[in-house]
Amino acid sequence: MSSVTPTRRGGRKRARLLSGPGGSILRVVASVIITFFGLLLVTFLIGRILPIDPVIAAVGDHASEAIYNRVREEMGLNLPLWQQFFVYVNNVLHGDFGKSILTSQPVLHDIARVFPATLELATLGTIIGVILGVPTGVLAAVHKGKWPDHLVRIFGLVGYSMPIFWLGLMGLLVFYMKLDWVAGPGRVDAFYADFIEPTTGLMLVDTLLDGDIDLFWNAVSHIILPASLLAYFSLAYIARMTRSFMLEQLSQEYILAARVKGISEFRIIWRHALGNVMVPLVTVIALSYANLLEGSVLTETIFAWPGLGLYITNSLLNADMNAVLGGTVVVGAVFIGVNMLSDLLYRLLDPRARR
Amino acid sequence: MQTVTNQNSGGLRQWLTSNTPQSRFQARCGRTWLAWTKLTENRLAMIGLGIVVALILITILAPVISPYNPIAADLTKRILPPSAAHWFGTDQLGRDILSRLIYGAQYTLMVVGLVAITAAPVGLLIGTIAGYFGGWVDAVLMRITDIFLAFPKLILALAFVSALGPGLENAVFAIALTAWPPYARIARAETITVRRSDYIDAARLQGVSSRGLILGHIMPMCISSVVVRVTLDMAGMILIAAGLGFLGLGAQPPMPEWGAMVSEGRQFLLQQWWVSTVPGLAIFVVSLGFNLLGDGLRDVLDPRGGD
Amino acid sequence: MTSETLLSVKNLAVSFTTSKGPVNAVRGVSFDLGRERLGIVGESGSGKSQTGRAILGLTAANGSITADKMQFHDVDLRHLSPKQWRKVRGARISMIMQDPKYSLNPVMTIGDQIIEAYREHHKVGTKEATHRAIEMLEAVKIRDPQRVFKSYPHEVSGGMGQRVMIAMMLIPDPELLIADEPTSALDVTVQLQVMAILDDLVRERGMALIFISHDLHLVSSFCDRVLVMYQGHVVEEIRASELDQAKHPYTQGLLNCLPKMDGNHDDLPVLQRQASWAEG
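Chains as they are written, first to last, in the numbering used here: chain A, 1 to 355; chain Z, 1001 to 1307; chain L, 2001 to 2280.
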């Protein structure tokens, strides 16, 4: 029986990104800071390898050499590379990502405007994914080798192999164009777009705050398809991980002890085993949430969803580097932040990690 | 053991050095054969292998089996539905979709192949060095690995491609840059387990250098786990490459890259659904193939890692 | 020993299907148990633990149990539905397992786990159950029951954990307790302490005990009667007080393997085995 424990620990380690199992909160924070600086270094270097001269991009081809040099100095490009990095980090920490060429607005301002749309989509996707994925994974583990298990496996394999943009297109084709069950691209019908007070920026919340039920259902009919699409990928991952964590837990001695006590199988599975599974599962859910924030890039393109992903791709296609790098830093920071959060939550859930 | 004791014994030595690799080769063949028979018992893995082999054959035989030119436009035949002449119909420029699919296979294979031969060795090298030397070398290398691992892959690839400019080579480079960290972690873990084994000590006592030890003795031990992981990751690489192509950042027109083909068909989605559907299905089938094969390989070569 | 028979087992067999073919863990074990303390002794793999689990119907999913008779009071243990089993387990037959590190749920408090065992079989409120649980923790001689009640399993020592286990398994007041190597995971210094607590409670409550162990001397000092198992068979059944008159060479071998304080300091004899013992 004791031979089970190393794999259990190994499984948990695999799902954790930022710190080892024994890491203190201080270590988590330190590793988050280091990782964030690494992210800034990479985006900084990407900005340096640009084939486009940023000075020319700013002043145009016909500027005199004097203007060129002055702007170059203003932009800090005459400084040594490490000082430029220092300036860059300083700017980013002050929320200054430069101006977007496309919108002539500060990039941070743009991101603040578009981010809630992405957040709403990814959050809803994760919620659906967890609500369906965890029970599915549990059932697959309990009925190991029988049809629920095979179903989860096939479902997962298909999910891992499916191009998300293509599935989105097919979803639009079938459910919007052919069946007309859901609304098409965008967050609400164009007709409604001006009526919404962006209090939180989350359409579902704002419409409810306004007490506008029609608008709420309109927003629901728009978000349901892209959110289900993201949910599918999150579900496939969460169900698979839940299954493997459950199988580990169900073979533990304390499950046998619970059976000796005469506890019902239902309670053994959903209280005892799942209670232990929740600990590593939190990390998995966080990881899948972060992945959805990222996966929204392609989904948003297909559903004309005005979020961060669409913003980054549009900027990309227009060679708007400030916007692209700013967006990359923000997504990366959220990614790192979610991981840190899962690490802290893990401590809260696992009594053994609380000290 | 034999090589160690007979290292200095003249005539016998030559016979042994020719003999020892032969027996090691035999042992390796035996092991491969065992793994192979186990793999053939896994029906899903064999389907996966079939798909991958078919992809390779199609790539090689493209000029022979493709019924039409994949690039030459024929505007008299725009977006025709599937028929006996054009099995999957034609696209907006009157090009045969089947022929474009057949020629497009090479781009998929190229992405996978190039990423595998760049990212895997880099990860292997970093992981084995970190695991072998330990201490601060390990700390620094693994911190870098963790930083890359904590990044969002697709976004990072997007940022790279946007800086380098769109194109298949740059897409491959960007994917490779984001793909190596897991291999480094795996290789490090394997290295740490073999680092203290007797045969490594024996080799070290014979005066084998650190470089020789890593390249000749430790790396070969890590290869099978890394290969499994690479195979499992290939589906993901195909999907990222197709995603980049879909966004217009991968292979540029008129190259028949599958992701770009899906994107080109978007405008006719309602009436001429096959233009987008068929290349999307091709991406799905091929990545499913790699996933099935990877799963099977993992079960055979690395039974512990099954989850 | 009273004449009343609590548990009667005839020709019990447990076998497992594995990838390497069937494994017969228990082969034709029979015994009767009254209100007494019965020891089952054997090496690992002798089938002693599987015998205990079969009585509770907790053989692993790949195993199958057959018996000519498995009667506990008026209950035929061979044909119970899951629901009927739950009325027997905990309430009438309970079991203490080897290592509290693994047999207590790590993310539930000790109190919750004890309460759960009690309330499964007694319809009482949380307050009453808490009261009973604290009482039970006192009964296993835990000095600060309030604190332990609120603790998680990793916060208590091995000896304490095993006392918690005893409290948890005895709180529904079972008639038969199976103790499967209850002290072998503990430090030598606390082994006897835990054994003494267990022994006291079994006497006080008039329970029957099946004590499974590899340690013949420990078993003989706490039990009335001993079954010696070898490769799935009972090779000898003997009163604990008459152990020195054991007839079977395997039992004699087990006895001789133990060092004696007054004996000479020669090498301990290695246990000799014969294939014929396994044929029974």
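A couple of the hints might just be wrong.
Which stretches of chain A does chain L cover? Using the computed rule of at least three CB atoms under 8 Å from a CB of chain L, they are [as the list claims (entries may be wrong)]:
1. 208–222
2. 244–256
3. 264–272
A few chain A residues facing chain Z, derived, Cβ under 10 Å [stated by the list, open to error]:
4. 47
5. 113
6. 116
7. 119
8. 162
Rather than coming from a laboratory, the hints here were simulated on the basis of the structure.
Every residue, glycine too, gets a C-beta built ideally from N, C-alpha and C.
Each hint tested on the structure:
1. 208–222: Violated - the segment 208–222 of chain A has 0 residues with a Cβ nearer than 8 Å to chain L, which falls short of three.
2. 244–256: Check passed, 4 qualifying residues.
3. 264–272: holds (count 3)
4. 47: holds (7 Å)
5. 113: violated (19 Å)
6. 116: violated (18 Å)
7. 119: violated (15 Å)
8. 162: holds (6 Å)
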